[in-house]
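A.B. asks: Take a look at the letters that make up each chain.
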Amino acid sequence: MLAVSLALGLVRLSRGPDVMDRLAAAQLVGTVGVAILLILAEVTGDASLRLVALLFALLGAVTVATFLRVTLVETGTASK
Amino acid sequence: MNSIPDVLGALLVFAGTAFAVLGTVGLLRFPDPMSRLHALTKADGTGLGLCVAGLSLIARDVSAAMLMILLWLGVMLSGATAAHLVARRLLARQESAGGN
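Chains as they are written, first to last, in the numbering used here: chain A, 3 to 82; chain B, 25 to 124.
Keep in mind that the hints were calculated from the coordinates and are not lab data.
Glycine is no exception: its CB is placed at the ideal position from the N, C-alpha and C atoms.
Among the clues, some could well be false.
Stated by the list, open to error - Label-pair ranges, simulated between beta-carbon atoms:
| hint | chain 1 | residue 1 | chain 2 | residue 2 | range |
| --- | --- | --- | --- | --- | --- |
| 1 | B | Q118 | A | L42 | 34 to 44 Å |
| 2 | B | R84 | A | R71 | 18 to 28 Å |
| 3 | A | V54 | B | A42 | 16 to 26 Å |
| 4 | B | P55 | A | V54 | 29 to 39 Å |
| 5 | B | L32 | A | L53 | 40 to 50 Å |
| 6 | A | D48 | B | L94 | 41 to 51 Å |
| 7 | B | R84 | A | L53 | 14 to 24 Å |
| 8 | B | L114 | A | T68 | 10 to 20 Å |
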């Protein structure tokens, strides 16, 4: 079920009409990936997968912030 | 095996995955970027929150549950911040595209 969500998110990611849609979809894919990793940690009993999920979550936050910063600089409206 | 926490946890995880799928459908089908953003943030927070709650019930391990709750709080924080940033960019672009 989460895999379905992941696949649909990737569809939006690949043909989103706008940069912002792609960014939002990327964030969703990241969160769904985190959920999958947590469930996998429970099923396989491998506790270190939880740490991987934590790392994914942290990287997702950094990604969005960096991406927005870059687009701000590119469009020249950085003084907002 | 079929104790009450296990069943309850499985139900919560199922509800969380359902939320994630519905949110993704909303992300695909809503007409404009703002409402897509809305669908996304709700699916993010609630879906992952339900999954974490269910898995914490199943795990019966305090440190694992705490780690997952910490992760969820982090995702909530970053998700809210990211949604605000994206929405502000969208608004700024609408203003600059609106003539003046």
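A.B. asks: Look at each hint and say if it fits the structure.
C.D. replies: Comparing the hints with the structure gives:
1. B:Q118 to A:L42: 34 to 44 Å: 41 Å, holds
2. B:R84 to A:R71: 18 to 28 Å: At 42 Å between Cβs, range violated.
3. A:V54 to B:A42: 16 to 26 Å: Holds, since V54 of chain A and A42 of chain B (Cβ atoms, about 24 Å apart) stay within the stated range.
4. B:P55 to A:V54: 29 to 39 Å: Holds - the Cβ-Cβ distance for P55 of chain B and V54 of chain A, about 36 Å, lies within 29 to 39 Å.
5. B:L32 to A:L53: 40 to 50 Å: 26 Å, violated
6. A:D48 to B:L94: 41 to 51 Å: Roughly 19 Å apart at Cβ, these two residues miss the hinted range, so it is violated.
7. B:R84 to A:L53: 14 to 24 Å: About 19 Å separates the Cβ atoms of R84 of chain B and L53 of chain A, which means 14 to 24 Å holds.
8. B:L114 to A:T68: 10 to 20 Å: Given a distance of about 18 Å, which is inside 10 to 20 Å, the answer is holds.
Going down the numbered hints, you'll see the structure goes against 2, 5, 6, while the others check out.
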